[in-house]
Each structure stands twice: as structure tokens, then as C-alpha cells.
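Student: Here the protein sequences line up with chains A and B, keeping their order.
Residues in the first sequence are numbered consecutively from 6, following the working numbering.
Residues in the second sequence are numbered consecutively from 6, following the working numbering.
For the record, the hints were derived by calculation from the structure and aren't laboratory data.
Any given hint could turn out to be false.
Put simply, identical chains are the same to the list, so a pair is met inside one copy or across any two.
Below, in silico cross-link-like pairs of lysine-lysine (DSS-like), each with a Cα-Cα straight-line distance of 27 Å or less [claimed, not checked]:
#, residue 1, residue 2
1, 152, 13
2, 144, 13
3, 311, 13
4, 144, 23
5, 103, 290
6, 23, 251
7, 103, 251
8, 23, 311
9, 290, 152
10, 244, 152
11, 290, 251
12, 144, 103
13, 290, 13
Bear in mind the structure is a predicted one, so any value in this text is a computation, not a measurement.
There are 2 protein chains.
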Amino acid sequence: MNEFEIIKQYFTGHCGRKDVIMGPGDDCALLQLPPNTTLAVSTDTLVANVHFFADMDPVALGHRALAVNLSDLAAMGADPCWVSLALTLPEVNETWLKGFCEGFFELAEYYNVALVGGDMTKGPLSITVTVHGSLPEGKALRRNGAKAGDGIYVTGTLGDAALGLQQQLGNITVAEPHQAFVRTKFEHPHPRILAGQALRDIASSALDLSDGLLGDLAHITTASDLRAQLELELLPLSKAMTDTVKQEQAWQLALTGGDDYELCFTVPEMHRGQLETALAHCGVKFTRIGRMVAGEAGVELTADGKPYQLAARSWDHFRSGV
Amino acid sequence: MNEFEIIKQYFTGHCGRKDVIMGPGDDCALLQLPPNTTLAVSTDTLVANVHFFADMDPVALGHRALAVNLSDLAAMGADPCWVSLALTLPEVNETWLKGFCEGFFELAEYYNVALVGGDMTKGPLSITVTVHGSLPEGKALRRNGAKAGDGIYVTGTLGDAALGLQQQLGNITVAEPHQAFVRTKFEHPHPRILAGQALRDIASSALDLSDGLLGDLAHITTASDLRAQLELELLPLSKAMTDTVKQEQAWQLALTGGDDYELCFTVPEMHRGQLETALAHCGVKFTRIGRMVAGEAGVELTADGKPYQLAARSWDHFRSGV
Chain A
6 MNEFEIIKQY
16 FTGHCGRKDV
26 IMGPGDDCAL
36 LQLPPNTTLA
46 VSTDTLVANV
56 HFFADMDPVA
66 LGHRALAVNL
76 SDLAAMGADP
86 CWVSLALTLP
96 EVNETWLKGF
106 CEGFFELAEY
116 YNVALVGGDM
126 TKGPLSITVT
136 VHGSLPEGKA
146 LRRNGAKAGD
156 GIYVTGTLGD
166 AALGLQQQLG
176 NITVAEPHQA
186 FVRTKFEHPH
196 PRILAGQALR
206 DIASSALDLS
216 DGLLGDLAHI
226 TTASDLRAQL
236 ELELLPLSKA
246 MTDTVKQEQA
256 WQLALTGGDD
266 YELCFTVPEM
276 HRGQLETALA
286 HCGVKFTRIG
296 RMVAGEAGVE
306 LTADGKPYQL
316 AARSWDHFRS
326 GV
Chain B
6 MNEFEIIKQY
16 FTGHCGRKDV
26 IMGPGDDCAL
36 LQLPPNTTLA
46 VSTDTLVANV
56 HFFADMDPVA
66 LGHRALAVNL
76 SDLAAMGADP
86 CWVSLALTLP
96 EVNETWLKGF
106 CEGFFELAEY
116 YNVALVGGDM
126 TKGPLSITVT
136 VHGSLPEGKA
146 LRRNGAKAGD
156 GIYVTGTLGD
166 AALGLQQQLG
176 NITVAEPHQA
186 FVRTKFEHPH
196 PRILAGQALR
206 DIASSALDLS
216 DGLLGDLAHI
226 TTASDLRAQL
236 ELELLPLSKA
246 MTDTVKQEQA
256 WQLALTGGDD
266 YELCFTVPEM
276 HRGQLETALA
286 HCGVKFTRIG
296 RMVAGEAGVE
306 LTADGKPYQL
316 AARSWDHFRS
326 GV
């Protein structure tokens, strides 16, 4: 089976969209953006044994590769439209490909995202996905719009994906009733597309949590030239988390664990009512965890009203290399 | 130096475009497509030791990674606009990064292409580039528009990149005055952007030559449901080629060598005059090498008016793996 046969068998004939004038099979995809909209584009690479275990269930990997990219569209408040997939494989394994496609296209079809192109190459296992979305002009949720006095919020609960990873590594034993939950949180992140769209006229800034709250929120503080004050007691923790580890370790996982793909966003006080209505409407839980204040960019932690110091920081896969 | 510092130092502050509302640094890039245009998108991955030698000059590699993608935009007749770069590196080597950026941004600036995002990950050396271009609505050069009777054309000369590769591998000795020429043809492919744009209202189909004329032209015959007849004596060969190898080997390299990144296109007889004018205007040499006829999809070769059979076929890097 050669490159063209693989593409024909596994990667064509999925989700159709009227705005795809030409999908895979020519030199370029040809796409029609709706009038008065802005194009949003994001790219993420997943490398075997850096971002995932090489023997990871291919269905979960297919889902994950698309989910982490859709999460970037969610963080801008964009409508997902099209996706390109560059897949580098050490060999053609049809069982693996079938599983990967199952996970990838299930999520793509859920959000009506069309695969419009990509590349298939031989080499060490690695996946690069580029997603394209559209946004009404001027409505994007950026990182640089936060103002002093805005509340800081997150969707869902934090640290569960990190707990799932630690469970998989055998470092933490999660009680039986929670095992499937934390594994799903790690393997099947759910991009917060609807929440992102609902926040368009409400949030002053937003991003998605991929590296961990502490490191990610720091990007908002830098871009907005403000300081963030977090109250650790307010961090939303799952029952799986509180049943498994002590408070200190739960905070550590919630702040630095990464891979949650929840949204972190800031909201002016005057939009608080709108926020309740908008996120209730799409069934997404959210929690106020602190506020933006004037001061040097960075994140300040308090517990019981006192400053709190954390040992480890956000994950940077280049740190060990340099 | 971490991921964010690398991006800041090497990948920001280059070519500015007014249609880039938000470049690298947020969750997504935000881009403004001109009215009444179609978006053209293409993705290519280059993997070390599959598509290039891992010790290849990083300046040439940076150029090549962008050039092979721009070549896909050229093949559709698109105007290049934006590019995303996903770079996977085994380690942070600043000398290498500086060289890579030099080659990449020199070409990007030449065509006024803005780097709008991407990803930087640790892992086996690999580069995935996604380019975005715009096209007046309905003007794209597709592969499926050829008609019986159309002439088949190529730009430039064929097989020189393959000759450069064979020189580098030590398989073929190229005479001294031609050595730099064939090395440049292999290492510094030049995307035919202007020629592609000039062909918009003239060619009935087009693609770029990446895998070799024989395999690539077969895509036009399949998409257009026609047969291609090539006259081998008409293949444009450089003096470097004819001075180095015999006719038979020259044809072999021209037909199956790959990496030329010239355009192959079909033109109705009635547009022949326009073609001369349009390509002369942008200073691009081109040659008529055959014609499209009714019949089973595929490519027929003739030499001295007789059928000609070639041993080897187009390159497929998955063929050895399956």
C-alpha cells in the first residue's frame, strides 16, 4: 500500500462541508471563508515518547491529535472549519491507521471539521495538525485584553489529566472508582469549543491550558502587562483528585500538571451576570479562581490569605535539552 | 533557552503584512483574507534522512522547507500569504537555528510571506510547513481540467535536482563547471510562483513536479480521465545533464528523478499565443513535451516515434516499507 492508496482508503470521503471547494488530492486545498470573518489558524505537533507513549491506543491518539488543536480554536472563540494532518509513520500498520482514523474522524465529525489535506511520510512517529477556524471580525479572544480588576476563571476541574498520566506511569495509585475517569481526562481531552464561542463578547482574554495553569496564565499576564492573584482554595478539583492525593499535591497537579485543555479566561466584573447565563446555556461548569491586578507580570499564589510558594514550574520539554 | 525564548529570538519580527491581525504568540494566528478570494492551503513534511540528509546545510534546509510548500501554491496559481512552521529538533543548537532561519526567512521575505505560527517540539529532526495563499474565486489551476488535444508543458529543465542528488551521493561525477549548478538545483529549488499566477487564465490543469514527471503527470491523467503522450526528444535537458550522462540516463533522471519543483501544465491549443506572452513576461522558459489524448489514464512514452519503455518508476518513500 503506497502513500496515495493509504490516503484514498483512510483519509478521504469523511465529513463534507460546502465551503470546501477542493479537498485532499490536488496541490492545495481550496477553501471558502464566510464573508466578514477572520481566519484563525493553529498548529501543534505531537512526537512519540515526548508528548505521548509510542504504544498509546491509536484511537485515543487520533482523538488527542485533533483535540489539542481544536482547543486552540476554542481559546480564541473560533468556529472550527478545516484541518490538515501531517502524519509521519515508521511503517504502514493498517490496524493502527484504522484506529487512529476512528479517533480522529469521530471528533472531526462531531465538530463538523473537514480534513482538507496534509502529508504522509515515513519516519519516526509524529503528528502535526493544523486547524482552521472562522471568527466574526473583531471578536477573537486574545491574551492581551485583560484589565486590572477582571476576575480569573477556568472551566471544568484542573489537574485530572496529570493525575491520569501519573496513574499510567505507576507513580500514583488512584482509587478504583476514579481510574477510568482520570485515564479519560488524560487520553480524551475535550476541547471547549462551545464555551469559547459563548465567551466571545464576555471575556477580556482567554487561552487554553496545555502546559499547566501557572505557566499558561503567565502568558496572559505578560501579554496584558498585569499581575495575576490566585487563591488556591478556589481551584476546582475533582473528587478523583481530592480522594487520591493531599491538598498540597492536588494544588501542584492543578497548577503545573498540564494537558487539561480547559479554558482559562478573564472577565470584567460588569460581565459576571452574562457569564453565568452564557456558560450555563452550554452546560459548562466554571470557577472564579482569582483576579488580575496592576503590577509586574507574573502569577501570585495565596492560601489562607497568605503568600504560597510552589517548588516545581510549568513543563517545558526543551528545558532538559539546554 | 526554552521554547518561548527560541520563538521570540528566532521566529518573530520578520516580514510584516497588514492582513496579519495576530501573528505568533497567541493560541491562533488571526488572518484577513481579501474579499472575493479563495483560500489555498498546503502542507508538506520533511523528515531527516528520508527527505534530506540530517547534516544538510541548515540555510539550504530552511530554504527548501518553505520552497517545496510554496511550489504547491505555485501549482494552483495562488498568491502566497502566510506560513506556519512546526519544527521538531533533537536539541537546541543555536548555530543551526540561525542558519535555518536565514534560509527560511530569505525566501519568505522574497515572496512577502508572513510566518504566523507553528510549534517547536523536541524529537527526531523533522519539519512540517503549512502555507496559505489566496486566489481570485474560480481561478485555481486544478489537476482535473485537462482536455483531449491540450498540449503538455513543463517549465525549466528536468532532472537536474536528481543529478545534484546523485552527485552528492557520489554515484555520478558531474564535470567541474556544472557542479555548483546541479547542487543548487537540488538544494535550492525555486518555486515557480510567478509562472503559476501567469497561467491562471491560460492552463487547463497544472501541478508541480516533486516526485518525478512520470508519477506526477499520471495524477493529471487520472484526475482528468485522459492519457498523456510524451515525446522524450522534447524533454528539456540542461547542458549539465547532456554533458554528464547519456541520453537514456538523462531521460530516466528527467522522468523519475523528482525534486525539480518545476510546473507541469496543460494548455488548449487556442491559448498557445497567450502562453508565449504570459511566460515570456515573467522570464520563465517552458517547453511543450507532448499532448493529452482520449484513453485510459496513464503516461505513454515515445522516442523517435516509437513506444519507449522505462524500467524504474516514480519515487514512493512508503514502497520499501510495505
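Student: Would you mind marking each hint as holding or not holding in the structure?
Tutor: The hints, checked one at a time:
no., hint, in the structure
1, 152 with 13, "between (50 Å within a copy, 24 Å between copies)"
2, 144 with 13, "between (38 Å within a copy, 26 Å between copies)"
3, 311 with 13, "neither (60 Å within a copy, 35 Å between copies)"
4, 144 with 23, "both (24 Å within a copy, 18 Å between copies)"
5, 103 with 290, "neither (34 Å within a copy, 45 Å between copies)"
6, 23 with 251, "neither (52 Å within a copy, 51 Å between copies)"
7, 103 with 251, "neither (41 Å within a copy, 46 Å between copies)"
8, 23 with 311, "neither (56 Å within a copy, 47 Å between copies)"
9, 290 with 152, "within (23 Å within a copy, 58 Å between copies)"
10, 244 with 152, "neither (33 Å within a copy, 66 Å between copies)"
11, 290 with 251, "within (23 Å within a copy, 73 Å between copies)"
12, 144 with 103, "neither (38 Å within a copy, 36 Å between copies)"
13, 290 with 13, "neither (41 Å within a copy, 35 Å between copies)"
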